Amino acid sequence: MYSVRVLVADDHDVLRRGVRAILKDNTNWKVVAEARDGREAIEKANEFKPDVAILDFSMPKRNGLEAAREILRNLPQTKILILTIHDSDVLIQEMRQAGVHGYVRKHDSDRDLISAIQALVSNKTFYPPAMTPNMQRPLQRDRRKPQPGLTTRQNEIVKLLAQGFHSGKIAEMLGISKKTVETHRQNILSRTNCHSTADLVRYAIRNGIIEA
Numbered sequence: 000m001y002s003v004r005v006l007v008a009d010d011h012d013v014l015r016r017g018v019r020a021i022l023k024d025n026t027n028w029k030v031v032a033e034a035r036d037g038r039e040a041i042e043k044a045n046e047f048k049p050d051v052a053i054l055d056f057s058m059p060k061r062n063g064l065e066a067a068r069e070i071l072r073n074l075p076q077t078k079i080l081i082l083t084i085h086d087s088d089v090l091i092q093e094m095r096q097a098g099v100h101g102y103v104r105k106h107d108s109d110r111d112l113i114s115a116i117q118a119l120v121s122n123k124t125f126y127p128p129a130m131t132p133n134m135q136r137p138l139q140r141d142r143r144k145p146q147p148g149l150t151t152r153q154n155e156i157v158k159l160l161a162q163g164f165h166s167g168k169i170a171e172m173l174g175i176s177k178k179t180v181e182t183h184r185q186n187i188l189s190r191t192n193c194h195s196t197a198d199l200v201r202y203a204i205r206n207g208i209i210e211a
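Each step along the sequence shown adds one to the number in numbering that gives the first Met the number 0, with nothing skipped, and position 198 is 197.
Derived from the structure by calculation, the hints contain no laboratory data. Since the structure is predicted, the reported quantities are computational estimates derived from the model, not experimental observations. Please note that the accuracy of each hint is not assured.
What the hints assert, rightly or not - With a straight-line Cα cutoff of 30 Å, these simulated DSSO-like cross-link-like pairs (lysine-lysine) come out: (1) K158 x K177; (2) K123 x K177; (3) K123 x K178; (4) K29 x K48; (5) K168 x K29; (6) K123 x K105; (7) K60 x K105; (8) K168 x K123; (9) K105 x K177; (10) K48 x K123; (11) K158 x K23; (12) K60 x K23; (13) K158 x K178; (14) K158 x K168.
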């Protein structure tokens, strides 16, 4: 019987094991490779040529969309499913424009992940129903007045915040205090006229701070 070959890429071991456990219940699906970052995901995809690549959006080295674009460039037949914590209309529209076939939020149920894979292997797309109506809106570029440029450190923090890392983890990664990260965050929000991390994700995508 034909087996659907799956690549799972996420920098968290627990999540990769969880996805593997969910897929194991379907005997027609086989996880043929795993990756811990976007660059490794591209390499493993080229090596194993999966039918479906499940990619975390917030991976180091190359994020999920960057990896998706590269994989689709080399393997256009591979179906791409993005896993993310983000609920950004802009990001979702960017995913569609990048050729991503489906999107599942990390807080969605196991059933949603299974349904997404079933849709992809049936040559359909899969996006959370609650977000689908927004897909009809054209992608709008940022209409805010130009903001003062961010410092190199602030750009680093914007990228990490947009990838879903919390202040404590960012402090650990950059070797600075959590208080310093919070101060930078408040300054960034003020300088970019953003009011939340979700706003920062949109700002980062629209202004090319992160590739989406």
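Evaluated hints:
Between K158 and K177 the alpha-carbon distance is near 16 Å, which keeps this suggested pair within the 30 Å criterion. With a CA separation close to 44 Å, the supplied pair K123 and K177 exceeds the 30 Å bound. For a cut-off of 30 Å, the pair hint linking K123 to K178 is broken: about 46 Å separates their Cα positions. As the CA atoms of K29 and K48 are separated by approximately 13 Å, the hinted pair is consistent with the 30 Å bound.
Taking the CA atoms of K168 and K29, the gap is near 33 Å; set against the 30 Å cutoff, the hint is violated. Note on K123 and K105: the hinted pairing holds, with a Cα-Cα distance of about 20 Å set against a maximum of 30 Å. For the hint linking K60 to K105, the alpha-carbon distance of about 20 Å falls within 30 Å, and the restraint holds. Among the hinted pairs, K168 with K123 is inconsistent with the structure: their alpha-carbon atoms are about 37 Å apart, more than 30 Å.
Distance check on the hinted pair: K105 and K177 sit about 25 Å apart at the alpha-carbon level, within 30 Å; holds. For the given pair, K48 sits about 19 Å from K123 by alpha-carbon distance, which is consistent with the 30 Å threshold. Pair hint K158 plus K23 does not hold up; C-alpha atoms about 34 Å apart against a cutoff of 30 Å. Our distance criterion of 30 Å between C-alpha atoms is met by K60 and K23, whose separation comes to about 28 Å.
Between the alpha carbons of K158 and K178 the distance comes to roughly 18 Å, so the proposed pair stays at or under 30 Å and holds. The hinted pair formed by K158 and K168 meets the criterion: a straight-line CA distance of about 13 Å does not exceed 30 Å.
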